[in-house]
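Chemist: Chains as they are written, first to last, in our numbering: chain A, 1 to 284; chain B, 1 to 295; chain C, 1 to 289.
Treat the hints as calculated values from the structure; they're not laboratory data.
Ideal Cβ placement from N, Cα and C applies to all residues, glycine included.
Errors might be hidden in some of the hints.
[Stated by the list, open to error] Quick list of in silico lysine-lysine cross-link-like pairs, DSS-like style, CA-CA up to 27 Å:
no. : chain 1 : residue 1 : chain 2 : residue 2
1   : C       : K42       : C       : K63
2   : C       : K127      : A       : K178
3   : A       : K275      : C       : K127
4   : C       : K137      : A       : K275
5   : A       : K178      : C       : K172
6   : C       : K137      : C       : K127
7   : C       : K136      : A       : K178
[Stated by the list, open to error] Pair ranges (Cβ atoms, derived):
no. : chain 1 : residue 1 : chain 2 : residue 2 : range
8   : B       : H237      : A       : G19       : 21 to 31 Å
9   : B       : L17       : A       : Y100      : 16 to 26 Å
10  : B       : W20       : A       : P41       : 20 to 30 Å
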Amino acid sequence: MRLLSKTIRETGATLLVWGTATSITIPFLWLIGDLLWHGWPQLSLNFVLALPHNAGREGGIGPILVSTGLIVSVCMVVALPIGLGTALFLSEYTRNNHMYGRLIRGSLDVLAGVPSIVFGLFGNAFFCQTLGLGFSILSGGLTLACMVLPILIRTVEESFRAISQDQRLSAAALGISKRATILLILFPAAIPGLLVGCILGLGRAMAETAALIFTSGYVDRMPESLMDSGRALSIHIYDLAMNVAGGNPNAYTTALVLVGLLLTINLFASWIADKWTTLNQLPT
Amino acid sequence: MTLFSNIILSHSKIDFLFLWSLRALALSAGGLLLLVIVFLFHESWPYLTQIGLANVFTDHGWFPTEQSYQLTPMISGTILAACGSIFLAAPLGILSALFCHFYAPPFLSYWYRRMIELLAGIPSVVFGFWGLVVLVPVIAAWHPPGPSLLAGILILTLMILPTIMLIAHASIRQLPTIYIQSATALGLSQWATIWHIVLPTSRIGLLTGIFLGLARALGETMAILMVCGNVVQHPSHIFDPIRTLTANIALEMAYAVDHHRSVLFISGLLLMGLVIAFVSLAEILRYKTTYALTQ
Amino acid sequence: MDYAESTPDIRQAQDHSPAIQSWPPYQSTQLCCEPTAHIRAKNLSIAYHKHSVLQNVDLEINKGCITALVGPSGCGKTSFLMSINRLTDLIPTCRVSGQLHMNEVDILAPTTNLLLLRRQIGMIFQKPTVFPFTIKKNLEIPLREHGIHPKTSLASTIETALQQVGLWDEVKDRLNHPAQALSGGQQQRLCLARALVLAPQILLLDEPCSALDPISSGVVEDLIVSLRGQYSVVIVTHNLAQARRISDHVALFWSVDGVGQLIETGSAQHMFESPQHELTAAYISGARG
Ligand SMILES: Nc1ncnc2c1ncn2[C@@H]1O[C@H](COP(=O)(O)OP(=O)(O)OP(=O)(O)O)[C@@H](O)[C@H]1O
Ligand SMILES: [Mg+2]
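Between the sequences and the hints, there should be enough to build the whole structure, so can you do that?
Modeler: Following this line, the structure appears as structure tokens:
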């Protein structure tokens, strides 16, 4: 009797677990399949390069790709040095229990949890209005930089911490200064981690919508300078789906392009990281 | 020791500069949070001082043209959507982690994990779009109108599930294998091992994942905005459309001025407060685990 | 026999530093090296977290000699080595007190130029710690950092260093390959070469052979012997046979009530054949430790 109930419980649990896995796989496949099914037929080089017409129902996404690229570049150009410097400072110049380091780390942890729409509010108030940058690619990029900073810092800091202490000791034993140790030894050794951090940040910036709605704006013209308003891919999808009747076909294709881009970037990153580790660690 | 002292001198000057520039960069990163909070407060200030925070709870509705800014329907919408999705995503996420670790054959486990990672990387606007064109019509056919709290909960579940699953999986993987081996040696069945050994010992990791997932659900904007209908009301059942705090900001920020704008910033502050609370809870838990491990 | 009689010329060539006067009269028949103290530790104590791990060490390390530090695990040998090139500074909780001199230079003085000090005192660790770059770059980095960039002779400097450690023939075709691809013994010799390119006066070796197989260990050991006379070598080893084979002087550390102490020191012959202290006798004979 007990044995029977035990068997029933085990079988039930197994069914439950497998059922869960299936029930998650189905919407996932549905989502990806749906994007491919509706988006793939329109996808062409022309779509990627052409200007949007008729509020985006027709034409392509050329200027939108350019704007996205610019926004993300601004974001990375600003976030990278700050992130790298902060990560270095946290991992090499502060002890774990150091007051200053703990304060910075704590505030970054909180910042990582702040919703992107709140960054949008902040960006609108600070960059667009207080600094007078208006709705522009620059404002959008700067806002995104604030948003990706915590994730960037954390991954980069972890990749510096992952380097064994022996490296630092043996560099010091050779009379190499701390700065030179960092620049010549730790920095190159941390490059894969650095790259992963960058890619994660880049992906997050590229996927972002809410923080951009009222910082970089909606304008779908080809941007002429960083002070122009520019529409990001994600905003284009949102706009086509919500505000443009009959915009769905192009929204599908744009979504496919966006997901494809994110996927490619991620694959590229793991490929480089792999290559780098093999180069450094395996005997040749 | 005067040999090469000139080289050393210039060395120390550069070192000094280097350290101070790092310090400055770290300060700017650390100060960012303060800057964000200061600006949110600065923009909220007119309403807070001239009308008072209490009014966002006691006004008779959300009518920006009539200077009536009641946030309670949005707050209830936010909380309902987030809690609903966590109730779905927490068990699903944990079961997925168990699937990966205990049930699936290695090949399947690997691909399932890759799939979840991929799911984590899909932008929220794409989730929202899929919800809008696929999920909402399905729900509408079942029980009109379609855009609803339910749609929001389902989409949010898909979005926060990877967070919970990946953190749960990481913490289950960290368990010493000896626990599981000795449980098996005692003749415990697989589910009994999971129920009595694995889940209790990894509960802090599981909770961390849930809190982080909750924080993400509270702050999510685009997907919710696209599938929830955005009607300002306290929903009476799960098929009613709702509007969340985040959707409210996204919808109205573009044309909000004066007090209207102030109130939107106040809702941003509210959101931030909620999220900070959950993130800190998760951090405290994480701190506790590391502390417990070092003891 | 007095050392002064056996090596009068060396003494004359040297100026009479206080170290020479305070030299303890060893009963030594074999004198390989200058009887000048290169490093003098007086009353040296080391503590981590205010918990003392080494107390009141008085030890002199002779110029050009190989001095072996032996003793059971955890008695503070590594800590002692690391205090000599002030690597202890990198451990935040570590405090070193007492006196430590290299020739006339006060090592522990706050004004001591650490980079220069460490350039003159090379150190090798138990685990080979090559940098994750090419073999060539491993040698170039310290050279460049110390402003020694003989642009024309960089390659020949590197070659000399590699030849000195007997690695040249093994790696001359793959200088641009990752150093981590080398075997453990080769890596350890590369580390030695990396220390030698800086032309140090003193070498600190912390169990340099313990992570290596017997063959590589033998190669590294021969290498260390070949350094006698040119460098003052301090080597920590758990291998008493090795200590006996290569060292001129031996110092025995022992942990008494959890605090490391210097028990006895003297020439290798003295320590191995007629130790004064019972602990030494017991340790040498393998009865303890
Ligand atoms: N970074 C540190 N923090 C705290 N205590 C330390 C640290 N490094 C060493 N100790 C302690 O100092 C004592 C001496 O350590 P040390 O490494 O000098 O011993 P050792 O003689 O080199 O041992 P072994 O032969 O095993 O290498 C030990 O009790 C050790 O626990
Ligand atoms: Mg040691």
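Chemist: Run every hint past the structure and note whether it holds.
Modeler: Verification of the hints:
Restraint check for K42/C and K63/C: the C-alpha separation of about 17 Å stays at or below 27 Å, so the hint holds. Annotation: proposed proximity of K127/C to K178/A holds, straight-line Cα distance about 21 Å (limit 27 Å). This hinted pair checks out: K275/A and K127/C have alpha carbons roughly 26 Å apart, not beyond 27 Å. A hinted pair counts as satisfied when its Cα atoms are at most 27 Å apart, and K137/C with K275/A qualifies at roughly 20 Å.
Distance restraint check for K178/A and K172/C: the Cα-Cα separation of roughly 31 Å exceeds the 27 Å cut-off, and the hinted pair is therefore not satisfied. Distance check on the hinted pair: K137/C and K127/C sit about 19 Å apart at the alpha-carbon level, within 27 Å; holds. For the given pair, K136/C sits about 21 Å from K178/A by alpha-carbon distance, which is consistent with the 27 Å threshold. Judged by the Cβ atoms, the range 21 to 31 Å given for H237/B and G19/A holds: they are separated by roughly 26 Å.
Taking the beta carbon of each, L17/B and Y100/A are about 19 Å apart, inside 16 to 26 Å as hinted. Between W20/B and P41/A the CB atoms are about 57 Å apart, so this pair departs from the stated range of 20 to 30 Å.
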